[in-house]
Amino acid sequence: MSFILKAEKLSKWYGNILGISEISIEINPGVYGLLGPNGAGKSTFLKIASGQLKPNLGSIKIFGEDVFNNYKLFSKVGFCAEHDSYYKEVSGWEFMLFSAKCHGFKGKDAEQAAEFALNKVGLVEDKSKLISAYSLGMRQKLKLALSIIHDPEFLILDEPLKGIDPIWRVKIIEMIKEFESQGKTIIVSSHILPEVEAMTNNVILIHQGKIFAQGDIQEIRDLIDTHPHKISVKCNKHRLIADKMINYDFVLNIQFKDKENEIIINTDNRENFFVSLMKIVVDNNIEVQEITSPDDNLQAVFDYLIGR
Amino acid sequence: MIFNKDIFNIFSFFFKTGLRSRRTKLFFFFSFIPVIILIIIKIYEILHPENKVSTLNLFSNIGLIFYFQFFIQLLSLFYGSSVINDEIENNTLAYLTTLPVSKSSILIGKFMANFVISSIIILVGLFFSYLIPNFSHFFELRSLKEIFTFCSIGLLAILAYFSLFTLIGSFLKKSVLIGIVFIFGWESIVQFLPGTTQKLTIIHFVKSLLPTGLAQKGGFLMFQLKASSYAESVITLLFLSILFISLSIIIFYKKEYLISDNS
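These protein sequence lines are chains A and B, in that order. Just so you know, we're using our numbering here: the first sequence kicks off at 1 and counts up by one. Just so you know, we're using our numbering here: the second sequence kicks off at 1 and counts up by one.
No lab work stands behind these hints, which were simulated from the structure alone. Please note: incorrect hints may appear among the correct ones.
To be verified - Here are the simulated DSSO-like pairs of lysine-lysine, each with C-alpha atoms no more than 27 Å apart in a straight line:
hint	chain 1	residue 1	chain 2	residue 2
1	A	LYS6	B	LYS103
2	B	LYS254	A	LYS54
3	A	LYS106	B	LYS5
4	A	LYS88	B	LYS226
5	A	LYS237	A	LYS54
6	B	LYS199	A	LYS127
7	A	LYS127	B	LYS5
8	A	LYS106	B	LYS16
As the list claims (entries may be wrong) - Cβ pair distances, simulated, as ranges:
hint	chain 1	residue 1	chain 2	residue 2	range
9	B	ILE88	A	ILE17	18 to 28 Å
10	A	SER135	B	GLU140	36 to 46 Å
11	A	SER135	B	ILE88	47 to 57 Å
12	B	ALA231	A	ILE17	49 to 59 Å
Think of the CB as a built atom: it goes at the ideal place given N, C-alpha and C, for glycine as much as any other residue.
Taking the hints into account, I'd like the entire structure generated from these sequences.
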């Protein structure tokens, strides 16, 4: 089977400092969230994937081809760098036209491609301004527009939503989902975990240069059976539920939030817990307001995995 | 064909950005320093015709020394080393290397853009600093031939220095510092050493091309010069330029440039 991206035992170090170590990964079309703390190796991985760095060991192939010095690959790959860097003396429009021409567009086609990409990120009205007069958010939008100007099949986005206003964050997340629905492949690196959750359930957790976990957020969460699951139950008879639940050995402890009619139960067996909870609720005719699992979000999964 | 189109795209973008940069405005201003001095002297000459100064002396002692001994080197250093170095220092290299354009096209396109800008700055200054002392007979064939010769030598000198500093800038971070040591250390000292040692400098071959009349009139510029032949000088300067550019392309192709990374 041919993958969009395939890395095998990819390792990179800077002198004595480890960048990434033996990363093996296979990526097919879809959106992938690349998560990890500062220094985890996310940007190193993305720089290797975008051909800026070459690995010390291992290999990486995109569309079955080597990446480093393979400039032709970038007619199918778009890259949005993390750095807030730009050419001070040109306008956004001039930079977009330059990029379009380098991608092989000519004359009116170049203008149309530039206009289309700027429109996608909401920068058309400010296109004539010098980039040095742009705000951080506008520069970020310009980088995104540059990465999609040639309608790439594979997008590598390093912290793409940094500095962008909330309304456009939502629109860009929608745009990324739209790309996914078109069968494209997108890797998104971010620190803002709810945003990644909004884009995809498919995450790659990277820590200390290694892939810590990979897959669906829920599947990853289920892998962590050594950690207790927190489950919150809100109802008017929360003390009754607590009284019944405490007898089960899979319930580790219960916290009470009487003001909110809420209990938070820690369990090491999620499946048995829900079977028992449902039985108690039905047997005692309890009207439950809400059942949530606060540590099913990405932040909690991530914190568990890196041992915070 | 695509190779040429890519070079042209890179060239036109960096030519435009280069012309607008503060560096270019600053160097344009500096390039007119000898012109301003020559205008002042010329005005003095008109007001005091009894103190007439030889026009050749004026041009060779002010114009030529300023441009050939100092300004061409300095300008080439700042523009040549910036071909790659600016992209690394400004973190903009990723914009270029993630385009479907070969690294050799990127380097050649940007090299040409910076080279043309530097040449315009030098040639405009050189032209005016020749025009002012020779105003009365500028359109004579001899004068036109002379200014053409100076401009051609200037272009060759810029090309040789520019290629060298592009090479240094492609693999050293502190290229400006190294370049200054080279210009004001090595080149400045070795060119005045007797014997063949002076052939280890670029300035030796540049000075060897200057018209022989300057050997008597040029004073400081021609001091201790054991000139090489015109053919040897032109071939050496062209050979060095091609060598340095080729090495720059190889290094740019092979080297990975580490840009600050925090995640």
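Hint-by-hint comparison with the structure:
1. This hinted pair checks out: LYS6 (chain A) and LYS103 (chain B) have alpha carbons roughly 24 Å apart, not beyond 27 Å.
2. Our distance criterion of 27 Å between C-alpha atoms is met by LYS254 (chain B) and LYS54 (chain A), whose separation comes to about 10 Å.
3. Simply put, LYS106 (chain A) and LYS5 (chain B) have alpha-carbon atoms about 11 Å apart, close enough for the 27 Å limit, and the pair holds.
4. The hinted pair formed by LYS88 (chain A) and LYS226 (chain B) fails the criterion: a straight-line CA distance of about 47 Å is larger than 27 Å.
5. For the suggested pair LYS237 (chain A) and LYS54 (chain A), the alpha carbons sit about 61 Å apart, so the restraint of at most 27 Å is broken.
6. Using a Cα cut-off of 27 Å, the hinted pair LYS199 (chain B) and LYS127 (chain A) is violated, with the two alpha carbons roughly 53 Å apart.
7. For the given pair, LYS127 (chain A) sits about 25 Å from LYS5 (chain B) by alpha-carbon distance, which is consistent with the 27 Å threshold.
8. Using a Cα cut-off of 27 Å, the hinted pair LYS106 (chain A) and LYS16 (chain B) holds, with the two alpha carbons roughly 19 Å apart.
9. Between ILE88 (chain B) and ILE17 (chain A) the beta carbon distance is about 19 Å. The supplied range of 18 to 28 Å therefore holds.
10. Range check, SER135 (chain A) to GLU140 (chain B): Cβ separation about 59 Å, and the 36 to 46 Å hint is violated.
11. Against the hinted window of 47 to 57 Å, the Cβ-Cβ separation of SER135 (chain A) and ILE88 (chain B) comes to about 25 Å, which falls outside the hint.
12. Checked against the hint of 49 to 59 Å, the C-beta distance between ALA231 (chain B) and ILE17 (chain A) comes to roughly 53 Å, which is consistent with it.
Of the numbered hints listed earlier, those contradicted by the structure are 4, 5, 6, 10, 11.
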